Structures are given as C-alpha cells and as structure tokens.
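**Q** Please model the complete structure; the sequences and the hints are all you need to start from.
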Amino acid sequence: MRTIVNGTILPLSVVVAVLLATGGGCGTSPSVQPNPGSGTAPNSSYSAPPGNLLTIAGYVGGEKIQLLQNENFRRILADKYHLAIKPTKAGSIEMASGADLTGKDFIWPSNDFAVKLFRDGNRKAGKDQIIFNSPLVIYTGWNIADGLIKQGIVEKRREGYFIVNFQKLLTMIVERKTWRDIGQDFDGKIMIRCTDPTKSNSGNMFAGLVVNTLNNGEVVDETSVESVLPKTKQLFARLGMMETSSGDIFRNFLTTGTRNSMVIGYESQIVEFIVANPKSRKLIQDTVCVLYPEPTVWSSHPIVSLNDRGDRLIEAMMDEEVQRLAWNEHGFRSGLAEIRVDKHAVQLDCIAEEIQVVTPLPGKKTFLRILDALKEL
Amino acid sequence: MIALRSLLLGTLGTALLLAVGCNGSSNSGGNAKSVSGGNALPTYSDKAFQIVSGSENEALKPILDRFAKERGVELRVQYKGSIDIMLDLEQGRNLPYDAVWPANSLWISLGDTEKVVKSQESIMHSPVVFGVKQSVAKRLGWIGKEVKIANILKAAQAGQFSFAMTSATQSNSGASAYLGFLHALAGSPDFLTSKNLADLQLQEKTKALLGRIDRSSGSSGWLKTHVVENYDKFQAMVNYESLIIEANKELTAQGKEPLIAIYPTDGLSISDSPLGYVDHGSQEKEKIFTDLVAYLKSELVRKEIIGLGRRAGLVGFDAKDADPAVFNPDWGIDVNRVIAPIPLPKEEVLREALNLYQAGGLRKPSATIFALDCSGSMEGKGITQLKEAMTLLLDPIKSKKILIQPSSRDIHIIVPFDATPREVIASKGNDPQMLKELLGKVQGLQAGGETNIYAAVIGGMEELKKAGPMDGYFPAVILMTDGRSDGSIESLREALQNQGYDIPIFSITFGDADERQLQDIARISGGKVFDGRKDMAKAFRDAKGYN
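Read top to bottom, the protein sequences are chains L and W.
Residue 94 in my numbering sits at position 94 of the first sequence; the count goes up by one each step and never skips.
Residue 1159 in my numbering sits at position 159 of the second sequence; the count goes up by one each step and never skips.
The hints are simulated quantities; they were obtained by calculation from the structure and are not laboratory data.
None of these values were measured; they are calculated from a predicted model.
Glycine included, each C-beta is placed from N, C-alpha and C at the ideal position.
Watch out, some of these pointers could steer you wrong.
Coverage of chain W stretches by chain L, computed from C-beta distances (three or more under 8 Å per stretch; other residues unrestricted) [said to hold, decoys possible]:
| # | segment |
| --- | --- |
| 1 | 1266 to 1274 |
| 2 | 1315 to 1324 |
| 3 | 1344 to 1352 |
Derived pair list, reagent style DSS-like, types lysine-lysine, alpha-carbon separation capped at 25 Å [said to hold, decoys possible]:
| # | chain 1 | residue 1 | chain 2 | residue 2 |
| --- | --- | --- | --- | --- |
| 4 | W | K1346 | L | K177 |
| 5 | W | K1195 | L | K282 |
| 6 | L | K279 | W | K1303 |
| 7 | L | K86 | W | K1287 |
| 8 | L | K231 | L | K189 |
| 9 | W | K1148 | L | K189 |
| 10 | W | K1346 | L | K233 |
| 11 | W | K1195 | L | K231 |
| 12 | L | K375 | W | K1195 |
| 13 | W | K1320 | L | K279 |
| 14 | W | K1115 | L | K199 |
| 15 | L | K231 | W | K1346 |
| 16 | L | K177 | W | K1195 |
| 17 | W | K1346 | L | K199 |
| 18 | W | K1346 | L | K189 |
| 19 | L | K279 | W | K1287 |
| 20 | W | K1195 | W | K1401 |
| 21 | W | K1287 | L | K375 |
| 22 | W | K1401 | L | K104 |
| 23 | L | K189 | W | K1145 |
| 24 | W | K1115 | L | K86 |
| 25 | W | K1115 | L | K104 |
| 26 | W | K1303 | L | K177 |
**A** Okay, structure coming up:
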C-alpha cells in the first residue's frame, strides 16, 4: 500500500541559516567523524538510547547509514516518535534473499526489485513504503564533460545542470571509442564504471538502464529482453574488476578518478559529500561534474516492515521534517510523489530541480533474467 | 570508570611512545645496524593501537608519533610489503592489528575475505613511475616525450636500459608495474584475461623486460634507500613518485644528478594508501581510528603530507597545492598530466598473473645458496625451524600459499654445514620429484658439531661459480643460523671480491642468535639480517623478496 501525499518541501530560511552557520550540521569538527559520503562508516558507533525509546532493528543499504547516524535525525526520531534505529549494513539483494531476520523489524533496501524478491520468499513481509528516491547519475570530471559537450552527447540545460544523452553515450562505448577520440590526453577506451550488478544496487540499476536503452528506450519485458541481452553482456564483460559497494566506487572516484573516468552513482552521494565538507563546496563543484542521464532510473529506497515496530518506522520516516533533513543533509529526494526539492537548501548548482525523463525498471522476472545472464560472465 | 581508564591510557601513552617492530627499511649494505625482525605478527594488545603499513609510509612516521602524543595513545607501526599485508588479512579474525595501511586498496579487497576491515579511507595517493637517471633519460630520448611500455622494452632488449624494481609478489610498486607491463604488452585490452596471460609472445616480451631488473626487494622504501646509497651502480628504478621525490632530495643535496620521472602512458597505476580499520570490538579503538583519519586529513597535516611529495586532497589533487620545489618539474614530476591507471583484471586473473610471475618464471630467476647451520647448538628448536623454512620453499602447496614458488629457471644450492660444509647439493628448476628429493634430504638433517659459517658460504659460492656469469640471475645467499661462528670473515671478504658479481648475504637468525657477526657479513655483502625467532616463515619470505 503506497500513500501518495501532495505537497512541497518548503525552504525554511531558519533551517538554511542554521545549516550554514554550523557548516551543514555535520563534519566540521575534525576530530569527530570519518569522511562521510563514503558509505562505509563503521556501524558499531550506535549507542544505546535513553530508557523510554523503542529500538527498532533492521537491515539497511550502505548509502543510508550516514543519515541514520545523523544527530539531528536521531533527535527528531527520539523526540517526536520515541524511536531509535539500530541498523545493520547489508546489500539489497542480500537482505532480500536469505539474510537472518531474527530480531529484525524491517529491511530497507535500495530498490523495489528487492522488495518483490523479498515478498516472493517470505511470509513475514508486512507493508512496504518508498521513503526516498535518488536518481542514478554519472560522475565525471570537467575535462571529460567538455569533451562530451563538444560531441553533442552532453547538454547544458542551465547553469550547473548537465544532462547526458544516454543512448549516444552507450553507442560510443559499444563502438569502442577512446578517450582521445573525445579530445582527452590519456590512453584507454571510453567506459562507465559501475559496481557489480549481481551484487550491488547501483550496478543493477545501471544494468536496467542499459537494457532499456539498448531496446530503443522501451522498457524490456520477458520477450524483448532476449534480443538485448547479448549486447548487454558484451558491455559488462568489458568491465573487469568491479567494486561491490557504491560507497567504494564513489570514494575511489573522488581520490584518483576525477579526471580519468566516468562512474555510476546516486545523486544523494554528491549532496551528502558537499554538505559534509561545506568549506570545500567550490572545490568539489569545480572538480566533479554531475551528469544526469536522459533517461535515468530511480533508486527507490523502500522500507519493508516485518511487524508493528517496522510500521512505526515507516510512519516516522514519512514525517516532513525527516524528509526535509534527508534532502538537506544527505541528498535523498522524497519518496512521496509530487514533492519538489529545493536546490537552494543545499546550495548546489549541480543538482537538478526536477528529474523529468525517467525510464521504469524492468519487471521482476525480467530483472532476474538479466541478473542470471550477467552472473554467467 | 571510563574517565579513569582514559586517564590511565593518557599517562601510559605519554610514557610509552613506542614504535616497536619497525622493519628497518632504511637498511642497506652500508648501514646494517638494525635488525629486521619486523615481519613477525605481534600479539594483539588491548592498550596499544597497532598498525601494519606499507614501507612507503615511513616518512610519515613523525606525523603518526605526534598524533599519538597529542592524543595520549600508544601507537605502534610495523612496515611490510603490501602483498604481505594482503596475506595477513587472510587470517581474518586472528589478525592482531587494529589498522592496515597498504599502498593500494586492491590488497584489502583481495585479502579481506572475512570482512574484518570495517571501514577505510584513502589518505593520499602516488602514481607508480620509472625514475630514470637524467643522463640515461637524455640518452634514450625520453625527456619531454610520451613514453610507452613498448619504448622501454625496446631499450631493454637492446641492452641499453636496466632498472631496479621490487618483487611483484611482495610489494605493491612491483606488482603494479608488472600488471602495467602485461596490460600494455598485451595491446591494452579492456582488461587482462587468462587468454592474454597464456599468450607465449606476451610472456616472452614480459620476461625480456623483467630480465633487465638489476635489483629486487620486498620493500619499496628499502629499494629507494639502496639505490640512493649505491647510485653509481644504477640507471633507474620503478617506484612511487613520492619516493622518487624523496630520493632526489637526497641525491641533489649530494650534488648528484636527479632521477627523472617517466610516466608510461599505457602502463600506469596509482597507489591510494587506504587506512583500514580492523574491528576487534573496542569502541575506544574505533574512536582512535576515526580521530587518526581526521587528523591525517586535516588541513595542516594534509599540507605537511604534500610537502613530503605525496598527492593529497579532498578530491583528487589540486595542482595549485604542489610546491614546485617538491613536485619539481625539473625532475619530470608532472602534476598537470592526467594519470589514467590501467583497468584492473578480475581477481582470478590477477592471482594468475602473480603466480605466472613467481612460479611461471616471468621474473628474473634467482640463484640462491641456502647455507643451513646444522651445528650442535641448532639441536631441537633451531633445526626444526630451519627445516620448516626450507619446507615453505620446497613444498609446492606451502610455497604457493605465500607466493615464493621456485621457477624452472631458479638455481638452488643447498649447503648444510657445521665446522665444515657437509655437502653441496646443486639443483636447477622446479621439477616436483626433484623438489621432493631435496626436501627429503633437508628433513633428514641432524644437528651436531661446531660452526663455521664462512666456509659454508664460500663453499656455496664456489659451486655457484660453475654456473658461469650471473647476468641473467639474482644471486644471493640465505644463511640460516644461530650465529657464533668460528673462522674469519676475511676469507669471506676475499671470496666476495673474487666472485665477479655482487652476492648479498641474507641471514635469518634462530635460537640463541648472536647477530654481531651476521651484521658484519650483511655489511660487507650488501645484505640484511632477519630475526627468524618469532616468525621464521615471515622472515624467510621477507628474505626471498630480495632475489
């Protein structure tokens, strides 16, 4: 059962002012936190809440861990809902098929496919609700972006907002064009790096986007998928060693990949990173270009409740204040339809106001077929 | 309760700022004072925060010490090759360290099969380059030009170029360079596959290039020091850009010509220095880790790290941060160039490539004299450990596990001795039956008699002379003993002078070892002393990294 709510997230000048004054609300004190945005923070920093809070335990995708450790977030949940969350980091596919659910009140994967997988295998599943959405994006450096603009593959929609014609980009890759072909000064063939699609959500979202694009932009079904699988396999077969977590691939990109690669990630990752490093806002935006594929796919972050306690979590996560914080500080767009985000709340030029062109992901059976095919590689 | 513990820790911390177990990578022939016992695994400590780090991080030690002092915590650092760190990680929950710091996150990915590394952060990065003597780079026409691996191979095949490089099965810089060679010489495929590795032409080309290596070691830091201290003997070395910078600071201070950094466009790799937290369940230690990461990435420390020639930044490396006195364009250091590393192959292929290097004999072969002390004092523990060490080499399953397999080209000369050499068993290759027979002989050795190390080593060297010139080999002596030898070092000194080529002597100590004689032997031969008492296997593998 999905609840649709009409509304907008209003920019609160007070919230913004507070965020600016405290430097984004997190990550300014050098001795406090590991570098957020890496998605690999140790999850044993959970500390026991005061006595009258209800602790809810569950599996959570890695990219949401920073949010759950956010002090402001914890306070809202404790004060308003008398809840504390005890997360265990796990991959979406992992938690949906075979993870031990003893003592767990919910699972919180990063895509809808995992929900369907979970329901198939499990009687315990209660309600599910999409909490956040984050579109898939491509991170790269400005040198590469400029090269792609010259080729008419990337287009500037407005200041700071760039879209990439995903069909054209895919064609370049399939045709084995090199970086030098787009005016770059280093060796290698044009490639988009992604996480292992059989293990990690961002990789398998990307696989979904690729198959649809190879199918001339039409969502594939059980029949049409067969005609695009060979080319899809060929593409992924060219990727060599792949990271298993979107946090790792993003972190590696930031360290050594900003001028020599294109990587798949979530929009939320760059927002979270900039909010955590407010003094470096300009440096980051001067170094990293966010390309919105057109069309792109949503990564939907649904909670599946396993009992009453899980239901309470869903209720809390749909709170407007929580949703606003999740956007302002971690870049998660609302999962509730027709809510527009306020770019200015996060002070970023590189973020799109609306994601207009989205392709739905293939259905569960088709998706399983795709993953099986990719496992053969 | 917690407050009291912190106070105690603080007091202990300031009183005991130790950095024990330092694998003295500043050792070389000229300064063999400190013993390398460093490779043995320490025991887990509740109070001390123990880090195992790649050898290239030694220059950052003062920064770590300062953190330890300010934070009031005892910090211990042990230096090893990155591949050794990978092998350590495979121990899983039994790993006694609180943090690992290899040169490349690749080694955490490969080694951390039990997922004990809970989080990691890249502290800095440095590309692996060729550092070529300026006069040599000029002669070869490489200055200011785009150089590819094929160009380097051509010069190597024409006998115009030689270089020092660490072992690809012990050290990240060697492994990265080796993978770069393979990738480039295979024609830059999307990524290296088993099919590429099976191609004999690729194997021959790689062999030819690796055959021009004139010095090996298990440690990038040691290699840099050795090349600087023996600069006349070398033309070039493969190492991190940061260590080329360190070397050049020392060389130019001595009025010598610098090494010019050459970035082969089709064979590059970048080390990303990930500091990884190994969780033992202590919230206190986790806090120390996060504080240490924050400290290393803080603005002031970051600038300090950059001052040491490492690239560091929140995102990538801002060329504006590079001091041209450090990232010196006169040395070919290029912070504006886009460094595009080769795409890494799949894990199975990577492991296959390492085995091809070691067992498959792509590497330059070794000619090793194993001088085995079987005197009376070795009875019991000593000779048992000695036999265990040789088993690591001669048992195919054990040697593969720690990547020291013999190849078909390797020469082994085994010299069990007491007052005199008992026999000299010369062999070549890795035929399984032959290795089995050698192992049988070694396992049958009995302890008894007096000790004369010198006669045994000289005996082995005489035998090696029969194999002719050693241009295509890394000759070395691995001496396993508890020291206390009769005889005179003078006979050895003379023999070394008359051998016709350098033959470093690496001693592994056992039992009640007396190192003084062994240090002298290391000094006159350009070798090293390893303490085998705590962990003989590690000492043996470490010694093997040098040839």
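**Q** Work down the list of hints and note, for each, if the structure agrees.
**A** A quick look at each hint next to the structure:
no., hint, result
1, 1266 to 1274, "holds (count 3)"
2, 1315 to 1324, "holds (count 3)"
3, 1344 to 1352, "holds (count 5)"
4, K1346(W) - K177(L), "holds, 22 Å"
5, K1195(W) - K282(L), "violated, 46 Å"
6, K279(L) - K1303(W), "holds, 16 Å"
7, K86(L) - K1287(W), "holds, 19 Å"
8, K231(L) - K189(L), "holds, 17 Å"
9, K1148(W) - K189(L), "holds, 16 Å"
10, K1346(W) - K233(L), "holds, 16 Å"
11, K1195(W) - K231(L), "holds, 21 Å"
12, K375(L) - K1195(W), "holds, 20 Å"
13, K1320(W) - K279(L), "holds, 17 Å"
14, K1115(W) - K199(L), "holds, 15 Å"
15, K231(L) - K1346(W), "holds, 20 Å"
16, K177(L) - K1195(W), "holds, 23 Å"
17, K1346(W) - K199(L), "holds, 15 Å"
18, K1346(W) - K189(L), "holds, 18 Å"
19, K279(L) - K1287(W), "holds, 24 Å"
20, K1195(W) - K1401(W), "holds, 23 Å"
21, K1287(W) - K375(L), "violated, 39 Å"
22, K1401(W) - K104(L), "violated, 40 Å"
23, K189(L) - K1145(W), "holds, 22 Å"
24, K1115(W) - K86(L), "holds, 20 Å"
25, K1115(W) - K104(L), "holds, 22 Å"
26, K1303(W) - K177(L), "violated, 39 Å"
The structure fails to meet hints 5, 21, 22 and 26 from the earlier list, while all remaining hints are met.
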